[in-house]
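Asks: Mind docking chain H on chain C? Use the hints.
So the chains spell out like this:
There are 2 protein chains.
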Amino acid sequence: MKPATNTAERSVANIRALLIDVINKAKSGHPGMALDAAPILYALYHDHLVADPGHPDYFNRDRFILSAGHTSALLYSVLHTAGYALSMDDLKSFRQLGSKTPGHPEVGVTPGVDATSGPLGQGIAQAVGVALAENMVRSSYPEGEKLCNHHTYCLCGDGCLMEGVAQEAISLAGRLRLNKLVLIYDANLATLDGPTSDSFDENVKLRFLACNWNVLEVEDGNDIKAVSKAIGKAKGSKDYPTLIIVHTKIGYGTVKEGDHSCHGAPLGKEDGDKAKSFYGIDAPEFTVEPEVYSDFSASFGKRGVEAYEAYEAGLKEYEQAHPEAYATFQASLKKDAAGLVPESLPLEGAKSTRVVSGEILKILHQSIPYLAGGSADVAGSTMTNIPGEHPYDEYHRTSRDLHFGIREFAMAAAVNGMNLHGGILPYCAAFLVFADYLKPALRMASLEKNPSLFIFTHDSIAVGEDGPTHQPIDQLPMLRSIPGLRVYRPADVKETLGAYKSALAYHSGPSALILSRQNLPQLEATSIEGVEQGIYQVYGDKKAKLAILATGSEVSLAIEAAKLMKTPVAVYSLPCLELIQDIDKAVTLPYEKRVSLEMGSTFGWGDYAKYHIGIDTFGASGKDKDVMAHFGFTPEAVARRLEAIL
Amino acid sequence: MKPATNTAERSVANIRALLIDVINKAKSGHPGMALDAAPILYALYHDHLVADPGHPDYFNRDRFILSAGHTSALLYSVLHTAGYALSMDDLKSFRQLGSKTPGHPEVGVTPGVDATSGPLGQGIAQAVGVALAENMVRSSYPEGEKLCNHHTYCLCGDGCLMEGVAQEAISLAGRLRLNKLVLIYDANLATLDGPTSDSFDENVKLRFLACNWNVLEVEDGNDIKAVSKAIGKAKGSKDYPTLIIVHTKIGYGTVKEGDHSCHGAPLGKEDGDKAKSFYGIDAPEFTVEPEVYSDFSASFGKRGVEAYEAYEAGLKEYEQAHPEAYATFQASLKKDAAGLVPESLPLEGAKSTRVVSGEILKILHQSIPYLAGGSADVAGSTMTNIPGEHPYDEYHRTSRDLHFGIREFAMAAAVNGMNLHGGILPYCAAFLVFADYLKPALRMASLEKNPSLFIFTHDSIAVGEDGPTHQPIDQLPMLRSIPGLRVYRPADVKETLGAYKSALAYHSGPSALILSRQNLPQLEATSIEGVEQGIYQVYGDKKAKLAILATGSEVSLAIEAAKLMKTPVAVYSLPCLELIQDIDKAVTLPYEKRVSLEMGSTFGWGDYAKYHIGIDTFGASGKDKDVMAHFGFTPEAVARRLEAIL
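Heads up: the protein sequence lines correspond to chains C and H, in order. Letter 165 of the first sequence, counting from 1, is numbered 165 in my numbering, and no numbers are missing. Letter 386 of the second sequence, counting from 1, is numbered 386 in my numbering, and no numbers are missing.
Quick caveat, the hints were computed from the structure, so don't treat them as lab data. All the pointers check out, no bait thrown in.
Identical copies carry no separate label here, and so any pair may be met within one copy or between two of them.
Capping the alpha-carbon separation at 25 Å, the derived lysine-lysine pairs in BS3-like fashion look like this: (1) 100 to 625; (2) 623 to 25; (3) 335 to 146; (4) 269 to 625; (5) 585 to 610; (6) 27 to 625; (7) 593 to 610; (8) 27 to 100; (9) 623 to 100; (10) 610 to 545; (11) 625 to 92; (12) 623 to 27; (13) 100 to 25; (14) 225 to 249; (15) 593 to 543; (16) 623 to 92; (17) 623 to 269.
This is chain C alone, in the form it adopts within the complex (with noise of 0.2 Å):
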């Protein structure tokens, strides 16, 4: 690139520049892709992007995710420049304690970040769910583009593209005909550890277009009208989401360029200088020109203002022209759905869990326009289908009923993105064993306080003949080790009520609900508000000289093996432990008196109880009983196990 000959490649000159020195004083940071990139966001946030930082999170506004998260720099220093409430203090604080300019960056902390990102992959998925719940939304309102009518705009480099969950959401983003959702792939050749080319040489248009997507390409990363271009013809797809790949070199203008070596190393002073001298900047460090200040507010500021103005003023015209629907949007933003789960529900017999959440959720369905959701193909197994309803595609915009495919990841990913868009009550489901395959985004959801509900079904060995591989034994531990996210396992019916009652009622993180395959007995003592406690008695008296501490299905194995016992045992339910305040006071009987029992890893479970029935190795396949009665769960086992502690 020549000295800058006009505004928009001063404006880009200021912002490469000044990202040298937020990675410089930080000692810490990515300069590689950020450099490179540094024209596309300035395309992007000065052309094209909808949004005021002034009120950072109006609803309408355009979204933009970082998937390329460790470019964080360069997002900061565009934010900045463009008007955003984040000083020169704060990229001079970048990375360090407490700052508004995290090392990744995260929703919540930094005005103008739309998602937590840096877990590659997840930034393109979660981009895929906001594109998504834009569309809802905007097709379930009559006039619906008054309320919402907006793009999604994401950033990635090769390593987002080499992740799974990429291709998944990609697959599914263009199975939904997405088609305002715009992806920019920064090709610049190369990653950590070498050129791209060691490890990754797909013909990345190709696998695009076959997975339905739109694809456009800038030769010369550095000319920023046709950056600019590219995305003004992705904006007006009418069918196909939209890939544009702009070719760019890492690193451009340092003397690394071109070099993977300059990815996560700061540049120091020397090659810092002469990258700037490169641009054509002489300037202190941490200075930007007030001409670059003035092109973004003249443009990105001006069109944010408009359009929130014209927004607001919108919306009060829409409350009066369809107060109803405006009603149901209001309270689609609010997500409190608590309130309506029911106090009972018409159901008699054994049952197992996942049949009570199926009715749970048709109620749901029936007084929440805004609960959408589905599951990674197996809707008929969590009970998660929704009867009556097309599976949600291009011809039915309006459908609640979304199939993710055989992609668990992507879905959660998903969730999470339509969480942070707003107006959409979304949930999932897989099966517990396959919470393995969605961690990284359970613990993304948690991370970025996201309301997320996860249904996992078929929780333990009594899944049967599906054997070990589908046996859920490790994956419990796993998700109470999780801060942030609760997890409930319902006994029966009232605690399957309480237990989303109590999930929809939680705000700042997600939720999973662990839910039997197997029938469960319905039991006496059991009730929806226990479950808010996270633990209480089920059975048993003061004479108790045992407490078994169980969840789930386990409860009523443990009342059974309590009444074949001579000795007095006292049962408590365990629905959810994070929700413990404090278990020596719910717990009368000491903790070398307790016996935690669940089917299966004990792991985690000694601070709540001395001695653990439990099941430490993989599962087998069998008929449920079989298996059950193999690993010790019958109540006559349980009685034995008792004894013998005792």
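Replies: Frame of chain C; chain H shown alone:
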């Protein structure tokens, strides 16, 4: 299909009838794809696959992995008919406890089953690892084709192709030009929840072409000759791996043909009989006509015996011609490398355990020619670079340096496949937080009793600036709860040596080495031998009133904190919880006097100690020392916590 007009069709009809009986008797199983894929498996086994049922594990056999593991009834029926030690009684006990015919294929349980499969997508990724190991073994010995020269086949359905791990593996196999890999895709247009097109409408051919695969297509999956011809052509590929798309109809020949509802439900007697009648079979249940057995024995059986005998004879000649290479080859099959770990390293001063690990790997590479590994594009950070080695690719087939790309899950699954194949001692590496991305493959390694070696660095909030997305908190509990996985977290040079020694001696399950990014001091009382005990004392004497139980980087921290205390405190290092025999023998102080210290989730420590110093929230972006201080991980802060506990 009209009634069979030739032997091949008659055999396929018999196999279809048999698998209907197998599933009906079990009242459990997946007939849909099993029925339509019968001609594919027939063509493969009858005409191409080289394997000897009498020696099902002989090294140079062709491998077959049923990635669509839910169609196990088909595989078992073929294995029975083809002459494996799988009796009609074994088939009759399909999916029953303790049988040789579990719900999904399990390696080590059934002769002729080359991998555990069922969790979708992983079969493909394991097949890529198998094909990679085949190529590496063949390429690295003089006349290596006499030791190893076979094909790897894999059968998948839509589900496998939707999973992200499959795309990672497909892209990797294409990049590495694994031309002896043949993937057969049964395109039967249905998944569990409905028509495939509800969730998946990619152009699969184009996607594979984009990923450097050859693609063949068979229009009629019942045309056995056409299927066989395609496999024959694929076998001959000299450049790329080959995908064969075979168009079929789910549940072929049943009343539910073409309907997704036959995917996972037994047909039952009536519909089963109708289908059998359609195939032209009218015989009692569990009948296979003698001609079918002889059809297989004259083809597959004869070919296999001859190949086995020729290979064994060739091996003897090889031993004469290349005694040293032969000895190395034999050693590679035993994977007995623990004795090659040095007793000490010439390292002085504070070193990160990732650097120590890197030094150990370099030494092992000098003495173990069959050691091979790499990382998910973080070799420079995980210290898994092999100096002077070019990335393994089509031009560098003898290289041992694997660039897996940013594909953690496929990397881990491929390593599992390499171990299943044998002849290579593989390892792989990633940041600990991204253990999340590959967890399903870790579980699979453990299920398969596969000694896969996983190196996880950047093991705590001490990662610093990269922030909470990159700082492990919940990963150690996740790993420790997987049955059979050994999790080593060494404290210094000696313990890192001990961890390698112990892990390499553990042949019946996987190991994870958890290593620090930051430097750690060398400790006086640590030892190589201590690792194998799981726990041992490293500081303090009999007067101790409190015991700190610490791992990895927190062992030195614990000692420093203990030195600040007036009350005498003992410190124990716990390099591997799974190896602890009896904690009450190892620690003389009672449970109430023990405190765990680990910079991560306290979940799971309740079995070892009453009090915990850990982190049960996510981390934060900042300088490593600032972040550690913020979370109370300084000697002073720990000492204060201990005083409070006292």
